[in-house]
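A.B. asks: Starting from the given sequences, assemble the full structure and let the hints guide the process.
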Amino acid sequence: MKINSLDPRISRAELDDESKIGELHGSEHFQTYEVFQQIKRGTHHQHVGNVHAPNAEMAMLFAKEQYCRRGAAVNLWVVKTADVFVTEYQDADIFETTEDKLYRDPNSYKVMDRINAFKARTNNA
Amino acid sequence: MEFTERHVEGLKELLYKMADDLLIIGHRNSEWTGLGPMLEEDIAFSSMAQDKIGQSLALFELLHELGESDPDTVAFTRNAPQFHCSQLVELPIGEYDFSMVRHFFFDHAEAIRFEMLSETVFEPLAMVAKKFKGEIKYHTMHADIFMQKLAAGGEESFGRMQQAINENFGLALGMFEPGDFEAELIEAGIFGGEAELQQRWLDKVVPLLTSYGYMVPSVDAVEPAFGGRKGVHTPNLQPLLDEMTEVFSIDPGADW
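Protein chains in written order, with our numbering: chain A, 1 to 125; chain B, 1 to 256.
Note that these hints are calculated values from the structure, not bench results. Certain hints may be false.
[Said to hold, decoys possible] Listed next, with one range per pair, are the computed distances between beta-carbon atoms:
{"#": "1", "chain 1": "B", "residue 1": "Lys133", "chain 2": "A", "residue 2": "Glu99", "range": "56 to 62 Å"}
{"#": "2", "chain 1": "B", "residue 1": "Leu66", "chain 2": "A", "residue 2": "Leu15", "range": "49 to 55 Å"}
{"#": "3", "chain 1": "A", "residue 1": "Lys40", "chain 2": "B", "residue 2": "Asp42", "range": "28 to 34 Å"}
Idealized CB from N, CA, C, for every residue including glycine.
C.D. replies: What follows is the structure, given as structure tokens:
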């Protein structure tokens, strides 16, 4: 018996109970694009996710609805995922920092002293 | 200029046909939800269908302010002969080629109609027209890119799209069926009229389609599908209304 579906694509495929669903090969589905959204002019674009699309224009169309439907945005970038150059996780140790370099962290600044001093000054004023 | 009774009648006729077109195309296009050609497009097309329902609500609210019943009553309690939508929007979704071409033809007409109405002397309508400008711009952008890409998508793709253009063209011309108050609307500065809209629409869609490589039928060679604006519909509208109002009809007074 042929499968009669609401989805015209399924009906058109004339599948029967014996039909095997074919394997999906690499070239049969779309590439992905990474989506970067800018919330306000002048701020940097932030990565928000990705979309499948056959080309950049359609990636932009889809990205607008996937990621900017409810929130405000002023600009979108879409970039082919394959064009993003990435580090390897096996090289994650390049990001490690040794304990004796903590002085490089912003929390090493003695800024609280100055903030407290400022608060004390303004409270007294 | 003071509005006479005929001006108000003409304004209501205009609002009804716009609101009904949007309600019905919104409902039709939402029938693709879950069946779209790919997940991202399913979401985009469904989202635009929802936008259309929202736009129709804004127009039904204007009608309510002009003394008509409230939006729910107007949307859910009329039968096909009381609807002013064009026959274009009531036809079943068919396959994606048909729905896409209809989306292209309809949304360009809507964009130009709203653009013309952003100058109307009836200020509440001008505000509605301006409010949806960006939303509609995305809709036409979506349609344009799909029409362009599918023209270049190989023989089958091009053939199906060209066939859908041929099928849709006369139906689309039916959108511009003149109303009973064209002269009054133009005279009062309410709306520039269907004839001007049709001309501006042709000036927009014909060069676009030609640039994508499609053939556009000649206006003179095609019979426009008139009737919808006067309540004459295809047998497809009433079943749509029955389905759309199914839940509402169970308990019309329910508080949502």
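A.B. asks: Hints first: check each against the structure and report whether it holds.
C.D. replies: For each hint, the structure was consulted:
no.	hint	verdict
1	B/Lys133 to A/Glu99: 56 to 62 Å	holds, 57 Å
2	B/Leu66 to A/Leu15: 49 to 55 Å	holds, 53 Å
3	A/Lys40 to B/Asp42: 28 to 34 Å	holds, 30 Å
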